[in-house]
Amino acid sequence: MTGDMLINYALAILFLPLLSFIILILAGKRLPRQGDWVAIGSVLITLVLSLAMFGSMLLSHDPGFSHEASIDWMDLGAFRIEMGFLIDNITIVMLLVVALISTMTHVFSIKYMEGDIRYSRYYAYLGLFTFSMNGIVLANNLFSLYICWELVGVSSYLLIGHWFEKDSAADAGKKAFLTNRVSDIGLFIGVMLIFTALGTFNYGEIFQGVAQGDIAGTLLTLAGIGLFIGAIGKSAQFPLHIWLPDAMEGPTPVSALMHAATMVAAGVFLSVRLFPIFTSEVLLFIAYVGGFTAIFAATIAITQNDIKKVLAYSTVSQLGYMILAVGTGAYIAGFFHLVTHAMFKACLFYGSGSVIHAMHHTLQKKHDHDTDPQDMRNMGGLKSKMPVTHWTMVVAALAISGVPLFSGFLSKDAILAGTLAFGAHHPQHFLLPIFGFGAALITAFYMFRLIFMTFHNEPKFPELYDDIHESPKEMTFPLVLLSTLSIFIFYTLPYFNPLSDHGWFMELVKAKDSMVPGNPSAHEIAEGMHHSHTATMILSVLLAALGIFLSWSVYLKKRISADAWAEKLTPYYNLSLNKYFFDENYDKYLYQPLLRLAERISFIDWDLYDKYFINGFGRVTKWLSFLTGRTDYDGLDQTIVDGLGRSISKAGSSLKEVQTGRLQNYMLFALFGVVIILIFQSF
Amino acid sequence: MDSLQTYLFISAILFSLGLYGVITRRNGIAVLMGIELILNSANINFIAFARFGGMNLSGQVFALFVIIMAAAEAAVALAIIINIFNNLQTVNIDEAQQLKL
Amino acid sequence: MEDLAFGLIVAITLGSAFMVVQGKQLLYSAIALLFTLFGVAGLYIFMWADFMAGVQIVIYIGGILVLLIFGIMLTNKITSVNISHTSLQRGAGVLVALSVLSFLVVMIGRTPWLEKTALEPAQTADGIGMLLMMEYLLPFEVASLLLLGALIGAAMLSRSVD
Chain Z
1 MTGDMLINYA LAILFLPLLS FIILILAGKR LPRQGDWVAI GSVLITLVLS
51 LAMFGSMLLS HDPGFSHEAS IDWMDLGAFR IEMGFLIDNI TIVMLLVVAL
101 ISTMTHVFSI KYMEGDIRYS RYYAYLGLFT FSMNGIVLAN NLFSLYICWE
151 LVGVSSYLLI GHWFEKDSAA DAGKKAFLTN RVSDIGLFIG VMLIFTALGT
201 FNYGEIFQGV AQGDIAGTLL TLAGIGLFIG AIGKSAQFPL HIWLPDAMEG
251 PTPVSALMHA ATMVAAGVFL SVRLFPIFTS EVLLFIAYVG GFTAIFAATI
301 AITQNDIKKV LAYSTVSQLG YMILAVGTGA YIAGFFHLVT HAMFKACLFY
351 GSGSVIHAMH HTLQKKHDHD TDPQDMRNMG GLKSKMPVTH WTMVVAALAI
401 SGVPLFSGFL SKDAILAGTL AFGAHHPQHF LLPIFGFGAA LITAFYMFRL
451 IFMTFHNEPK FPELYDDIHE SPKEMTFPLV LLSTLSIFIF YTLPYFNPLS
501 DHGWFMELVK AKDSMVPGNP SAHEIAEGMH HSHTATMILS VLLAALGIFL
551 SWSVYLKKRI SADAWAEKLT PYYNLSLNKY FFDENYDKYL YQPLLRLAER
601 ISFIDWDLYD KYFINGFGRV TKWLSFLTGR TDYDGLDQTI VDGLGRSISK
651 AGSSLKEVQT GRLQNYMLFA LFGVVIILIF QSF
Chain C
1 MDSLQTYLFI SAILFSLGLY GVITRRNGIA VLMGIELILN SANINFIAFA
51 RFGGMNLSGQ VFALFVIIMA AAEAAVALAI IINIFNNLQT VNIDEAQQLK
101 L
Chain S
1 MEDLAFGLIV AITLGSAFMV VQGKQLLYSA IALLFTLFGV AGLYIFMWAD
51 FMAGVQIVIY IGGILVLLIF GIMLTNKITS VNISHTSLQR GAGVLVALSV
101 LSFLVVMIGR TPWLEKTALE PAQTADGIGM LLMMEYLLPF EVASLLLLGA
151 LIGAAMLSRS VD
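Protein chains in written order, with the working numbering: chain Z, 1 to 683; chain C, 1 to 101; chain S, 1 to 162.
Source of the hints: derived by calculation from the structure; they are not laboratory data.
Check each hint, because a few of them may be wrong.
[What the hints assert, rightly or not] A short, non-exhaustive set of chain Z residues, derived as facing chain S with CB atoms under 7 Å:
1. M667
2. L671
3. I677
4. L678
[Unchecked claim] Computed beta-carbon distance windows for the label pairs:
5. Z:F672 x S:M130: 28 to 34 Å
6. Z:D634 x S:K77: 54 to 60 Å
7. Z:I648 x S:G62: 53 to 59 Å
We put the CB at the ideal spot given by N, CA and C, even for glycine.
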């Protein structure tokens, strides 16, 4: 496929969902079936086009393929902004992932959101999101990336708050957007630092600039940290992870699309794209943030009882993995994990959606509004009633735990190899591999806890149990598809070795060298990974097995009592259950003081400035107008206008006095005249 | 002392005194007296010019006519004043104000 | 000797004239007018107009002045309040009179009078009679008409309403 054709396909992929958004926003309610076929049609076309691009990539088999096309967006001579597309193998893979998950979400939502009061608007916003996400993926410069970054945040806000009648949903939407906003400040600072130093937003030119040393040292580190802070917010890393669990208030397909597969992956995607300009300090920072997030989120997930919350914290943890990979240099491994994670996490979310849908239905029929359909403690034994859901979720859980024969094993393995290699090279950073492997153990544990609590044992409420049935095929089809894609083979073709990640992916998506002078090259990193590969594999398999065994013991066989352990470790249990009181502490130490400050400033503005200064102006104006009114009425009108009349009248009545009727007066006046004439005559 | 100028001065003084009397006096008859003074001053003028103009007697004739006229006028004026007195019960000409606006 | 007499006559004339316009009582003004007319007659004599002096005394004093005094008597309200005989226009009146006087005086003083010498006639009555009958006959007749008119008019005016 020629470069031009690719650009045309990219344009279509980008703008078709936007078109669907516009149509549905303006005319959605009036279309038959509220227009969901518009959205699904557009996203299907996107999928087909992405597949075509993918096929072309496989056929041309060029690891270094890259095609760029841009247009001048604003040209002021010395100041130019270009916007355009960068299409290389990473772009094509990512486009396919977005298109696939988006299509699955659209299909899943047909049944999940059936009868919803804002059905067409939901699909419209999905279109907006797809457009924005593709915008991030296709961008070849930081400027259009930032625009689409914000748009993705907006779509997230709109979709999380879809059921805005619920206060919790509206608040969650706000929280997501505001947290992202905070991180976007960092992103903005990073972008502007680079622009100020290099004068361009374009990736290629930035890489060149860094290689030439136009920006280096502390400035480059600061820019890198700024850019990464954007990723922290978007990908819900510590300490800005707080919004992701709350975002579960949105519809489950949305959670699957945005908060598992694609939007949160945007932060990782950005880090992958910009990896070449991160200095070693920045990379270290990235690694620690990611590693810490991975294990810390995992420790919260083991105690959560809401099925979606478990998955949310799991997502935070897995994103931490990807970020950790970027930090240790194995960034392609991180990208690989992004792709595989998208598949199995979306599958897990869809599965949970299917379960929640069934629970909701049953509870509604029984007119029970108190039981939480999302609480795993109310479930149990759904295995026989919802087999498809059960087995697809098991597959996905195996994938995420890193069990061999599944895709997750390959990607996680690569990441862990990277951390081990990094730890071997830099022994002082021994924590990083510990974080990675520890999180792997815990991940396996809580994932299977979820499976066992939901599908196995006896149902908590047998009377509910009778009515539960499998979800319709629009909902099970995505489950089947995605769980299939979680099997290793789709990533290792044309090779069939389940233990090696060698395949089309690793051949076509190659790591680039870092542009920062002095950083290890891609080759060196790969070498290091290769050496630690075997040890990693063994260790990770062992840990996965251990995790699953522990979970099996506690939740299926009940040999170890979860409650007893919870009591023994009550303080830790409480910390974990309450997510380390993050929200509460943020509120106490951050939000409240800021609100108080805002209140005080508002007082200055309202009660001082407005009242005295602004109103003072008003009063002065009133006084001035009163004066002018007085001048006009009393002065002009009364004095001049009326006064003229009055004075004339007075003059008239005075002159009237001349007519005294007395003879001698008249004579006197005449004589006066004569005298005057005489005087004039004499001179 | 016996020059034209002297007589003219005398006549001028009489004239202004008569004028003052006409303007100022309230009583109608007093006004008449002022008028008589004026007429007399005119007469002195005539006679003086007759004397110092080569004894031209025309001047004196004229003065005679003036006296005649003064008599006639005094008669009529007095008749009017008596009429006013009968109607207004006063001779104060200030009271005769019917022409006042 | 002549000058003294002249001066005396002038003083009487002017002083009485002043009294005429300043007299508080009307009758005093009338008497002052009498003396003024006498003084004027004396001046006439100094100016060789003997006939005129006679006429002055007879007609002016004997006729007009008597008439005036009759008028005063007839219009005298005994019961009325003694009103002042000068009006409120005094200031203006003085001003006007003085300005006229000053003008006249200045003019008279400035003009170069041409005086012709003449002989004193024995009497002027002849001459006046001649002029009246010859040159000034028409004015003479008109004057008599005027007197007739004045007579009738005065009679008409002073009759009581019938």
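Structure-based check of each hint:
The interface hint given for Z:M667 is broken, as the beta carbon of that residue sits about 9 Å from the closest beta carbon of chain S, more than 7 Å. Contact between Z:L671 and chain S, as hinted, is supported at the beta carbon level, the nearest pair being about 5 Å apart and thus within 7 Å. For Z:I677, the shortest C-beta to C-beta distance to chain S is roughly 10 Å, which exceeds 7 Å, and the interface hint is violated. Hint on Z:L678 holds. Least Cβ distance to chain S is approximately 5 Å, under the 7 Å limit.
Distance hint check for Z:F672 and S:M130: the Cβ-Cβ separation is about 44 Å, which falls outside the suggested range of 28 to 34 Å. Between Z:D634 and S:K77 the CB atoms are about 56 Å apart, so this pair conforms to the stated range of 54 to 60 Å. The hinted window of 53 to 59 Å between Z:I648 and S:G62 holds, with their beta carbons roughly 58 Å apart.
Consistency note: the structure conflicts with the earlier hints numbered 1, 3, 5.
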